[in-house]
Amino acid sequence: MTQNDPGNDYPLSEVPMHARKGLASTAMVLLGFTFFTATMFAGGKLGVAFGFAEMLTVIVIGNLLLGLYAAGLGYIAFKSGLNSVLMGRFCFGEVGSKLSDLILGFTQIGWYAWGTATAAVVLGKYFELGQGTVLWLMVLFGMGFCATAYVGYRGLEILSYLAVPAMMLLLMLSMWVATVKVGGFEGLLAVVPTGSLDWSTAITLVFGTFVSGATQATNWTRFSRSAKVAVLASLIGFFLGNGLMVLIGAYGAIVYQQPDVVEVLLLQGFAMAAMAMLLLNIWSTQDNTIYNFAVAGCNLLRTRRRKTVTLGGAVIGTLLALLGMYDMLVPYLILLGTVIPPIGGVIMADFFFRWRGRYPRLAEAQLPAFNWPGLLAYGVGTVAAFNSPWVAPLVGIAAGALTYVLLIGAMGTRTADAPLQDL
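Per the working numbering, the very first residue in the sequence shown carries number 1002; after that it's consecutive.
No lab work stands behind these hints, which were simulated from the structure alone. C-beta: ideal position from N, C-alpha, C; glycine also. You may find that some hints are simply not true.
Calculated cross-link-like contacts (lysine-lysine; reagent style DSSO-like; alpha-carbon spacing at most 27 Å) [unchecked claim]: (1) Lys1126 - Lys1046; (2) Lys1229 - Lys1099; (3) Lys1080 - Lys1099; (4) Lys1182 - Lys1046; (5) Lys1080 - Lys1229; (6) Lys1229 - Lys1046.
Ranges of calculated distance between the beta carbons of each label pair, as one might list FRET restraints [as the list claims (entries may be wrong)]: (7) Pro1017 - Gly1131: 45 to 55 Å; (8) Gly1380 - Thr1304: 19 to 29 Å; (9) Ala1272 - Pro1369: 57 to 67 Å; (10) Val1061 - Leu1024: 16 to 26 Å; (11) Pro1166 - Pro1017: 39 to 49 Å; (12) Thr1309 - Leu1336: 21 to 31 Å; (13) Ala1364 - Thr1195: 34 to 44 Å; (14) Gly1380 - Gly1410: 13 to 23 Å; (15) Arg1359 - Gly1410: 41 to 51 Å; (16) Leu1241 - Trp1177: 15 to 25 Å; (17) Leu1407 - Tyr1127: 19 to 29 Å.
Generate coordinates for the entire structure from the input sequences, incorporating the hints supplied.
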């Protein structure tokens, strides 16, 4: 397979301008990614901990921060044509970048396993299937969900154009039914919280649930044909899309004491719609997730065989699902919100401070095996996030970026202006 094969999606090089996409395409793919059931559980915790007005404020702040983080990386992706794992070669080194490949790839394969298991387990409960049948469903979904990712960006785009509008209509209908049930807007304002959360924990919950996805959204924003497309698509996907998922979860918790939209739809009497929602919701995220794994794997192994790596990742994810990944979501979310954000912080500091907003072409860049300032900064950011009493992901991003700037400044290794890339 050649590097210019459209189905290859340029796993080891810049995306050329002739392959770039517009706002509708990029935003739709990102919405398909962020429309994910697990995000609703964060909303469920907010729904029982705050009054409605205060809850909306927390959702807006948390998702705006997430959207801005994704937009910052999206801008770099547009300018460079690279995704986060390829950017990692500049800030971590040719060999050092394999650390970020492993971290990003491992987290995505974990998500893939959880989504695969969730689809099978929920369908098994609804149709009262035996354990053996549920395990076979895991195998079926594990290999089936990767089909659109195997095709590449075009496959993700087609599924998103079908799934996102259908899910949006169903979600709006569900929210309308829930609002009527609770007594309208006045009824929502009158609901008394039954739990408690401080603002720091609440914003961490909102920001941290999908920060791993935001860090790897560069896999699609690098296909943007302009900076405006990259930034707006990131905000649409992560501020509006992720925000809607959190809000739906909060709605379900307030009205039905159930944050999962599938369970809510069942309670509302939309049984077949609930099953369709489950499959569309999970599939539109699963294919993006395994695509993320594939591009990280391609950089780790230095291979352009993205389709082969996609299939290999689906096999690993399916095995993890069979081994019980379904029961490990909460500790997994905590891990993701701590170890991934500092990667994005170091990438942004490296691009804007060291490279002054312009990478050289990756194939022509003379990069060290290990860029120690980047690796040290990542370590500082991760330790800071682990020990932070405040919003851990934000602390990790800020600590990683600041440490990198200080180290580069002290070592005097800031580059002169690099030549513009000819994409």
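Hints and how they fare:
Of the pairs offered as hints, the one joining Lys1126 and Lys1046 holds, with about 24 Å between alpha carbons and a cut-off of 27 Å not exceeded. Proposed proximity of Lys1229 and Lys1099 is contradicted: the alpha carbons are some 31 Å apart, above 27 Å. Of the supplied pair hints, the one linking Lys1080 and Lys1099 holds, its CA atoms being roughly 23 Å apart against a limit of 27 Å. Between Lys1182 and Lys1046, the direct Cα distance comes to roughly 20 Å. Compliance with the 27 Å bound is thereby established for this hinted pair.
Distance hint between Lys1080 and Lys1229 is fulfilled; the C-alpha atoms sit about 11 Å from each other, no more than 27 Å. Of the supplied pair hints, the one linking Lys1229 and Lys1046 is violated, its CA atoms being roughly 34 Å apart against a limit of 27 Å. With their beta carbons about 51 Å apart, Pro1017 and Gly1131 fall inside the hinted range of 45 to 55 Å. A beta carbon spacing of about 28 Å between Gly1380 and Thr1304 agrees with the range 19 to 29 Å that was offered as a hint.
Take Ala1272 and Pro1369: their Cβ atoms lie about 58 Å apart, and the range 57 to 67 Å holds. Distance hint for Val1061 and Leu1024: a CB-CB separation of about 22 Å, consistent with the stated range 16 to 26 Å. Distance hint for Pro1166 and Pro1017: a CB-CB separation of about 30 Å, inconsistent with the stated range 39 to 49 Å. Judged by the Cβ atoms, the range 21 to 31 Å given for Thr1309 and Leu1336 holds: they are separated by roughly 28 Å.
A hinted range of 34 to 44 Å is violated for the C-beta pair Ala1364 and Thr1195, which are about 58 Å apart. Distance hint check for Gly1380 and Gly1410: the Cβ-Cβ separation is about 18 Å, which falls inside the suggested range of 13 to 23 Å. Remark: the range hint 41 to 51 Å for Arg1359 to Gly1410 is contradicted by a beta-carbon distance near 19 Å. Distance hint for Leu1241 and Trp1177: a CB-CB separation of about 18 Å, consistent with the stated range 15 to 25 Å.
Between Leu1407 and Tyr1127 the CB atoms are about 54 Å apart, so this pair departs from the stated range of 19 to 29 Å.
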